[in-house]
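S.K.: Each protein sequence line maps, in turn, to chains F and X.
For the first sequence, the numbering used here begins at 5 and goes up steadily by one.
For the second sequence, the numbering used here begins at 6 and goes up steadily by one.
You can trust all of the hints, since none of them are fake.
Interface residues of chain F toward chain X, partial, derived using beta-carbon atoms under 7 Å: (1) SER37; (2) ILE121; (3) ILE198.
Derived DSBU-like pairs: lysine-lysine, alpha-carbon spacing no greater than 35 Å straight-line: (4) LYS245(F) with LYS223(X); (5) LYS169(X) with LYS23(X); (6) LYS23(X) with LYS254(F); (7) LYS256(X) with LYS223(X); (8) LYS229(X) with LYS256(X); (9) LYS265(X) with LYS254(F); (10) LYS59(X) with LYS123(F); (11) LYS256(X) with LYS238(X); (12) LYS238(X) with LYS54(F); (13) LYS142(F) with LYS238(X); (14) LYS245(F) with LYS264(X); (15) LYS110(F) with LYS123(F); (16) LYS245(F) with LYS23(X); (17) LYS11(F) with LYS245(F); (18) LYS110(F) with LYS238(X); (19) LYS88(X) with LYS256(X); (20) LYS11(F) with LYS110(F); (21) LYS123(F) with LYS170(X); (22) LYS11(F) with LYS142(F); (23) LYS149(X) with LYS123(F); (24) LYS123(F) with LYS23(X); (25) LYS268(X) with LYS238(X); (26) LYS123(F) with LYS88(X); (27) LYS256(X) with LYS156(X); (28) LYS268(X) with LYS256(X); (29) LYS229(X) with LYS265(X); (30) LYS123(F) with LYS238(X); (31) LYS123(F) with LYS169(X); (32) LYS245(F) with LYS238(X); (33) LYS156(X) with LYS110(F); (34) LYS110(F) with LYS142(F); (35) LYS264(X) with LYS254(F); (36) LYS146(F) with LYS110(F); (37) LYS265(X) with LYS245(F); (38) LYS254(F) with LYS238(X).
If you are wondering where the hints come from, they were derived from the structure by calculation, not from laboratory data.
Don't be surprised by glycine CBs; every beta carbon is placed ideally from N, CA and C.
In case you want the letters, here they are:
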Amino acid sequence: MIKEKVKTGVPGLDEMLDGGLIPARTYVVSGASGTGKTTLALQFLAEGTKRGERVMYVALDEPPNEVKENMGSYSLDIGRVQVFDATPDIMNYDKTPVRDVSTERKVEYFGDTSTEIRKTSERSPVDMTISTLQEMLKQEMKVRRYTRVVIDSFTSLKYFYIRTSEENTSLISFLRVLSDLGVTCLVTVQLPEIARSDVEAHMARGEIRLHKWIDGRGLMRGVTIEKYRGSSHDHRLRPMKITDEGVVIKSPVPESEEVGAQEAGSVNAALTSSSGPSGSRDQESLPSNKEEHGPPPLEPTQDERAAKSSSGQSELPKPTDARGAEKQ
Amino acid sequence: MTVDANDRVGTGVEGIDKMLSGGLIPARPYVVSGTSGSGKTTFAIQFLQQGVKKGERALLVAVDEPPQEIRENVRALGWDVGKIRILDVHPTAKAYSKRVSLVEVAAQKSVSSLMDTSGAGSKSDALKKASPDLSLQSLQLMLKQELQETKYSRLAIDSLTSIKKLQETMGDTETSIMSLMRFLSETGVTSLIITDLPDPTQLEPEIFICRGEIRLHKRMVASKIDRCVTIEKFRGSAHDTMPRPMSISEKGITVEANKKIPKASLRELQAFTQYVR
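This is chain X alone, in the form it adopts within the complex (with noise of 0.2 Å):
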């Protein structure tokens, strides 16, 4: 019963799967967290990426940036990412006239592949249908509808955040995050879901739901960046407990697995927090 390492799916990150014992376990959500700038959607980019390199369909919910934007980002890197499908729930700008119902919503955003993502931006025609809410619940029937009529095998949501930050309706929130992550899981699909840094005083219910938390580190240590990452929870499986250096260049995201970090930057952090001896 034991998951065997060929049963694997591999992140992207060489580095990171060596830390995760191979790679994440297949269906199961995972949180990648945070600070801004500090690497997740571009690590989430590289998730997907290397599943359409295998063939497989992957998935990107666009909800912190359009994703012409995206696509024009990661050019700049140089990557092909084209046959990555995305579904746009950007909002759109706001008509402030009568609301849609949720259901109706579902119907109204459509994925597309990154390529086919228009240049100019959709100059948000929704202003004529009147501008949609954006809410779990409504990304959860979305994603039904899309997941129903396409089988993909990795999905990537950017950010939960945002979601929780726009969406109108507050309602239950940690009774939808349940839902949703129960969704992915029972459609077999291997998930990213990107939020900012936890709060440590709060127990954030994504946090204590998803199956592991990769955690990418970005702050300044003798005015240059430094950047690491740790594996703060990774279930049933053995992983590196260790933080480990990162690096972001035209490649993407590389990490070092086998290298510790900086006795300067550890000590330097250290001597920030006084946890020191």
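Looking at chain F on its own, in the form it has when it is part of the complex (with noise of 0.2 Å):
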């Protein structure tokens, strides 16, 4: 161990990652939707307030508002959360305007934020991109000291905010601006239902990964650790339950049960895949190769990809034959 751990607000979280995340360095939290990644990250953002650290919390998909509606159901204070706006705002398609390129959006605590959303600046919406934001995130690190921040969500980033062909450079570069800055970062990554990782899972120095499914319990939902870089952390499935607290991780179940809850899968996915191309959403996810310690295989291209997702996952313990039976 190299310096003192930073805590992430979840103690067991914290027992997986042996004490908890390296300091002034990138963390992906990833996971489908509803699995709780922005819960998780406000947690770890929370806690950093409570010991008196300044913390930010970057807005890039759902505007603060709604966030903090949201998180009001949770006894988390967040009040002395640093939020920043960087949802984009309404596009003009009227005519095109007149950009005033030095708008600047503020940064503010969450306790102050409006209960509204913020509405777009009928004369001058800002377009927001890739470089103006991580301009924006450089210009407010210089005026306050942060130890934490969160970029929720990644995959807004990669969608809305890049227009450009060089998706994957300037994805790297936000990412290597964040480790030059010298805050312990979490971004949040969206998943589709059956997960593939990508660039930013390379990039980053860990990777924590957020699980659901339906079994004959019920929604089970459940945490991994895909990637520790220097680090020991603890390689299994441990389950997982959102309370009144937030995101609360509980021992690893017993090797059998865990299978069990493998196999069970997802009963959402079995439900689409009646009607479509499909997959259990946690059928890649759930550790199936937990044994892997070190990082991820390489990136497979796109036409393996393709493959993959065609011929029913390979990496599956079972590789099963239902694929020809949905297309019946």
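Build the complex: two chains, separate frames, hints provided.
M.R.: What follows is the structure, encoded as structure tokens:
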């Protein structure tokens, strides 16, 4: 261990991470929608404010007023979390507006965030791009010294802020800037129902993946550490719950039960598969290869991906012929 | 700051409201997904009708079907949906002549109530004017014009998938969808956006930006149609995570929120996909 680790605000997760996160690095929190990424990220920030640190939440997909409203159902105190509203404005198609490039968004406390959505300015909607965001963050970091930053979500950044073909290079540049800033950073990544890893997972120093699936017992949640450079960590799936306090991670389940959960798979996926190509949401993301300690294998090429998704996931412990049946 | 149950927007389907712990959170965009014939349009009409019953203004953006067909279909169900306002953006016959610009398009389409919709169909009088292009951009412009004039509390778009398929100017579909949803939120309207079943290997932008997704399932089990509904996502609220049985009758959609889906159909499904024990 090099330095003292950064506590995540979720005791069970710190346990899995052998004490917490290594400071001043960037980590990915990935998962399908509704797995608890935003909640976990805000717990991480609230933990910082509890310790008197300065922390920032960069809102990219949900406007801050909604995040605040949603968090109202938890006992979490996020009032002292600085929030940067980087959600894109409504696009103006009427006429090409004169863009006021100098228009800046300000950072404010969640405690002061309005309950109303920020209205797009009639005169000068801000054209947010990955480079303007990068500059704004650098600027903000010069003014105030932050120790924890959350980017929620990186997926939005990818979809809505990049209009050039250099998608990967600008994303990598952005991640690079984050690590140069010297803050411990969590970036959330939304996964499709059938997960595959992408550029951000390779660039980040670690990946915490959140899972959900349905079996006979109802909705199940779990968490795995997919990758953690420079530290020992728990390789098993641990059950997780979302309670009034936010994300709660429990001790690992006995091996036999875990396998059971995996096989039971997701009713959700089963439901959808009758009408289209599908598979289980958690199928690939569940730790079927949990013995793997090192970084994940190299990113497959487009063709390999296509082949993989149409031929029934070769990584599955039990390859199925369900796909043939589905197509009937 | 918690969202009060009284502030929820009822969907018009009691069982679904129960699954949503009271209803939808106002002024947010939601997705209704499902295969064709799964009941998406019926659900959207019920949602709008519920608003009209409470004296609210409700707008249906009709892309897939021309308004007079929708009217005939719901009439068959015996509903009085005359007060739902409708924006007909169903593509007209193509003229293949000179096209008009987006801005002009916005001015061409107007809102009528479902009652006023002429039975004969509007016979594409746009033929004279040259048919306008339908795109996410032009839709946002049309809605902007309409929503500035009239305050709506509920809106449904039937369907986004069609707009995505029909639009010729591809451009930035992702940013346009983000912008459209942002526009709806800022306007304060609670909206349902109808889409096809999302491809599970892809991350569709509307699915991850929307604040919730209600998925309608339809499949054949023992040579009978078996329907159920799931809440795939619902931000900022507790919700039912189990599939619940659903049926469509002359009363519209009914969902039994306190019933589990039959073991048989669950087993059938699991056998199908082999995630069984």
